[in-house]
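Combine both chains into one complex, guided by the hints.
Letter by letter, the chains look like this.
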Amino acid sequence: MSALHELSMTEAADAVARGDVTATALVENCLARIAAHDGKVNSVIRLDRDSALEQADAVDKARKAGKALGPLGGVPMMHKDMYYRAGKVSTCGSKIRRDFVPKVTATVLEKLDAAGAIDMGTLNMAEFAQNPTGHNAHFGHCHNPWRHGYCTGGSSSGSGASIAARFFYGALGSDTGGSIRLPATICGVTGIKGTQTRVSRAGVMPLSFSADNVGPLVQTARDAARFMRIISGHDPRDATSAREAVPDYEAALTGDLRGVSIAVPQEYFFDGADEVVVKGFDAALEAMRERGAKITRLSCPSLRAIAAYTALLSRSEAAAIHAEWMRERAGDYSIHLSSRLYGGYPVPAHLYIEALSRRGPLLRQFCAEAMTGHHIVATPALRTRVPTLAETDIDADAANWSRFMAVSANTRPFNYLGLPTISIPCGFDDRGLPMGLQLAARPFAEARVLAVADAFQRVTDWHKRHPGL
Amino acid sequence: MKPDPIPPSMEAIRLWSGVECPNEAARLGLADHIGLLKELEALRGTLAFEDEPSSFEAALRAEQEKEA
Numbered sequence: 001m002s003a004l005h006e007l008s009m010t011e012a013a014d015a016v017a018r019g020d021v022t023a024t025a026l027v028e029n030c031l032a033r034i035a036a037h038d039g040k041v042n043s044v045i046r047l048d049r050d051s052a053l054e055q056a057d058a059v060d061k062a063r064k065a066g067k068a069l070g071p072l073g074g075v076p077m078m079h080k081d082m083y084y085r086a087g088k089v090s091t092c093g094s095k096i097r098r099d100f101v102p103k104v105t106a107t108v109l110e111k112l113d114a115a116g117a118i119d120m121g122t123l124n125m126a127e128f129a130q131n132p133t134g135h136n137a138h139f140g141h142c143h144n145p146w147r148h149g150y151c152t153g154g155s156s157s158g159s160g161a162s163i164a165a166r167f168f169y170g171a172l173g174s175d176t177g178g179s180i181r182l183p184a185t186i187c188g189v190t191g192i193k194g195t196q197t198r199v200s201r202a203g204v205m206p207l208s209f210s211a212d213n214v215g216p217l218v219q220t221a222r223d224a225a226r227f228m229r230i231i232s233g234h235d236p237r238d239a240t241s242a243r244e245a246v247p248d249y250e251a252a253l254t255g256d257l258r259g260v261s262i263a264v265p266q267e268y269f270f271d272g273a274d275e276v277v278v279k280g281f282d283a284a285l286e287a288m289r290e291r292g293a294k295i296t297r298l299s300c301p302s303l304r305a306i307a308a309y310t311a312l313l314s315r316s317e318a319a320a321i322h323a324e325w326m327r328e329r330a331g332d333y334s335i336h337l338s339s340r341l342y343g344g345y346p347v348p349a350h351l352y353i354e355a356l357s358r359r360g361p362l363l364r365q366f367c368a369e370a371m372t373g374h375h376i377v378a379t380p381a382l383r384t385r386v387p388t389l390a391e392t393d394i395d396a397d398a399a400n401w402s403r404f405m406a407v408s409a410n411t412r413p414f415n416y417l418g419l420p421t422i423s424i425p426c427g428f429d430d431r432g433l434p435m436g437l438q439l440a441a442r443p444f445a446e447a448r449v450l451a452v453a454d455a456f457q458r459v460t461d462w463h464k465r466h467p468g469l
Numbered sequence: 001m002k003p004d005p006i007p008p009s010m011e012a013i014r015l016w017s018g019v020e021c022p023n024e025a026a027r028l029g030l031a032d033h034i035g036l037l038k039e040l041e042a043l044r045g046t047l048a049f050e051d052e053p054s055s056f057e058a059a060l061r062a063e064q065e066k067e068a
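Residue numbers (our numbering), protein chains in the order written: chain A, 1 to 469; chain B, 1 to 68.
Chain B with its partners taken away, still in its complex shape (with noise of 0.2 angstroms):
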């Protein structure tokens, strides 16, 4: 069985960021990021690192409809 890694998540939130979990909520809402992780884990290779996180606005400029 593999370890449940709520309470490592939880010590590294506590060690980087100063916050502890406040509740039973908070602490489920961790283990609903394992469905998260499965998709990203399935996304790596697909997508190609674009240097400049700018670039969106770029897009947004460059998308513009000109003829359908």
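Looking at chain A on its own, in the form it has when it is part of the complex (with noise of 0.2 angstroms):
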């Protein structure tokens, strides 16, 4: 068996389900890699050591008793500060709700619970979950495990780098505009957005009703097949949550991309892209290629529309959201949030309203021109190599705003399309940071997605890879 930080989260399940490993060794494991390097890193928030243990001991009872484990039992998790769980702190990242604990805890918690996953605590993040970049300006900024002074990806910041950091084994982050995908590209590890509708937000922290997402950051797509099948379907607690059956994902990594089509739109996502990011994600092409899968490059028009209204829908919600606190307490945020809310209330209503009657046209357009005959959307996660934190931190200079802004620029056109849409590493830019390559599938194709991710994770070891610490 490899070394325990180095197993995948379907691994470690495994390995305690067989009795190979306990959970109170995972867990161990995990603390201590925490205490040794998070210092670098920062990303934890709370670790909740004892209760972690206590959880641990009370999986390994249960398997020695010859109780069934959960598909997660045993497994060390933590997550984004947002996810609420009642009688707990959630900072939500922010200097505002340091002191906040919710009544509730969030319906995904309670799967993950139900799962048998160990949750130790909760991870650094943007403030109130609202930068792509990995700045706090409260908690600290989080670094890049694999190089200390660039950015994380944000807003979910704590999931990505500790995940890369093999901290433990999974974390849920949430995705409003690439908040999943980000940290999962800059990181270099898995990250995954179902279709919007598909995993309940009951319990978690909004930021714009219509494109928030829920999901995982984790090292392979196995790892995320396994999660989404646990996370998503149906809630009674958030009326927006899709019908939809939910199928069994890992049952679908076929590791065959013979008869897949994959389309490339040609605007859009390779403007002012770095050559080096050019290269990764062709080569990726070729390797998927290679096994059978077809590449097609083709125009997609309705993109221009589809990144004008993007940028319409969430930071209207976001300033409606904050109105009270922006009123109030705008002191409190940091200068990069406030400014950025502040930027929500001059678009007019008709505008917004406007954005949201053209979503379900501009879809129906986006799957008739990129997904006719092809079963994904390929495209570079980020269009540039992971910028420094500092080049990108609006608090110290408002100048960075621009180069701020465009490191969402490929990931938040699927948020208004509502489409399901993963990361996963392809690959190092020329400073030795990561790269990721975006899939994308038809609305409730989760099982596609994760089938090509786990194809292309099948012949490349990109996700294997971790940073010395």
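Simulated from the structure, these hints should not be mistaken for laboratory data.
Hints may be right or wrong, so weigh each one.
[As the list claims (entries may be wrong)] Each pair of labels, with its calculated beta carbon distance range: (1) Ala251(A) with Leu15(B): 53 to 59 angstroms; (2) Ala239(A) with Ala12(B): 30 to 36 angstroms; (3) Asp332(A) with Ala42(B): 35 to 41 angstroms; (4) Ile6(B) with Ala320(A): 17 to 23 angstroms.
[As the list claims (entries may be wrong)] Only some residues are given here: those of chain B computed to face chain A with a beta carbon under 8 angstroms: (5) Ser9; (6) Ala12; (7) Ile13; (8) Leu15; (9) Ser17; (10) Gly18; (11) Cys21; (12) Leu28; (13) Leu30; (14) His33; (15) Leu43; (16) Gly45.
Built from N, CA and C at the ideal position, the CB exists for glycine as well.
What follows is the structure in structure tokens.
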């Protein structure tokens, strides 16, 4: 068996189920790694050491007694600090909610508990999940474990950084404009957001009602498949959650790319792209073509409208959610967040309604343009090399605004479209920082993106590499 | 020269939302809207208005993968 920290989430779960390792040993190893290395990374907000060991002991006793464990039995995890657990502080990465104690527990946490996962605490994140870089003025910036001083991606910064650092095996992130896929890309791990409405948002801090998604950051596509099956599905506590059946995503992982048709839109996603990113992306496409996938580069004119309307939705909704605090406590936000929220107020209501009303037609148009005869749309997840924290720090210099906003350019459109989208590692740039391949499919085709991602990971080893800390 | 659109925007925000401009970055962020306004202007007349915003959920169901 590999060193404990090198196991993937599914390998760890299966090892506990077989009795090859105890849950207590996994937790102790995770605690030791966090103690040794998180000083450099700053991914943890709250560590529930005693509770984690108690949960692990209960799993080990249950196994010894011959009881069946859940599909994540004994697997240590931590989650972005915006998933409510009744009675526990949920800071949402903010000063304003530094002492906020929710009275409810998020449905996704209840599902993970029922699957046997061990919850070890909460993770650093962008303040109120609203930056794509990993800056946090209140809890300290999260640093990329591959290279100190570089962005982790956000807003699920701690989730991406801690999985890359192999502190534990799975973490919830949230994704409104790329907040799962960006830290997955930039930290070199796997992250997926499902179809809009696929996963319950009950008990989760809201940012944008129309575009918020719950999903995991993990090491492999197989991990993501198991995780998504556990957390997906209709929830009576979230009336917006979809009623579509949830398939066994792991069963769909055949490793076969023959007959899979992949479309690559030529507009928008390559605007201003760095050469090293384009080369890495092309190499990833070639690896899939060699395994039988068909690659088609095509035109997708709807992207212009999609990009414009994408910009309106979340900023309008975030402005509404934060209006009272922006009136009364604007000084308690970091500069970059209050400035970003402020930008939501001048958007006229008719344009917001227009952006909502054209979402269905534009989804249909995008599917017609990019997915007629094709199963997958592929793009680079990030157009540029990973930026440093300094060059995207608006609090230090407002002139960094455009570089800051550009980070999420390639991920945002898929939130407006509501499509299931994954980011997986596909190489390293010339500074030794990870690059990501973004794959999207039709609504509710999570099995498709997971299967293609898994097939890619069977012939590459980018996802197995981890930083030397 | 066209008048600077930022001060009237700030005044409208104050009037409608009661929110003051919190810092210089926020002012720069408003200036960033000019590009977005141009993109929206270019889209005028290219897309039909749909009566029901809820059509998005219907589109999600309708556009599921059948056979590529």
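Tested hints:
1. Ala251(A) with Leu15(B): 53 to 59 angstroms: Holds, since Ala251(A) and Leu15(B) (Cβ atoms, about 57 angstroms apart) stay within the stated range.
2. Ala239(A) with Ala12(B): 30 to 36 angstroms: This hint holds: roughly 34 angstroms between Cβ atoms.
3. Asp332(A) with Ala42(B): 35 to 41 angstroms: Given about 38 angstroms between the Cβ atoms, the range holds.
4. Ile6(B) with Ala320(A): 17 to 23 angstroms: Holds, at about 22 angstroms.
5. Ser9: holds (5 angstroms)
6. Ala12: OK, holds: Ala12(B) within 8 angstroms of chain A, min 6 angstroms.
7. Ile13: Status holds, d = 4 angstroms.
8. Leu15: violated (10 angstroms)
9. Ser17: holds (5 angstroms)
10. Gly18: Constraint on Gly18(B) satisfied, holds at 5 angstroms.
11. Cys21: Holds, about 6 angstroms.
12. Leu28: holds (5 angstroms)
13. Leu30: holds (6 angstroms)
14. His33: This interface hint holds because 7 angstroms falls under the 8 angstroms limit.
15. Leu43: This interface hint holds because 5 angstroms falls under the 8 angstroms limit.
16. Gly45: violated (12 angstroms)
In this structure, the hints that do not hold are numbers 8 and 16, in rising order.
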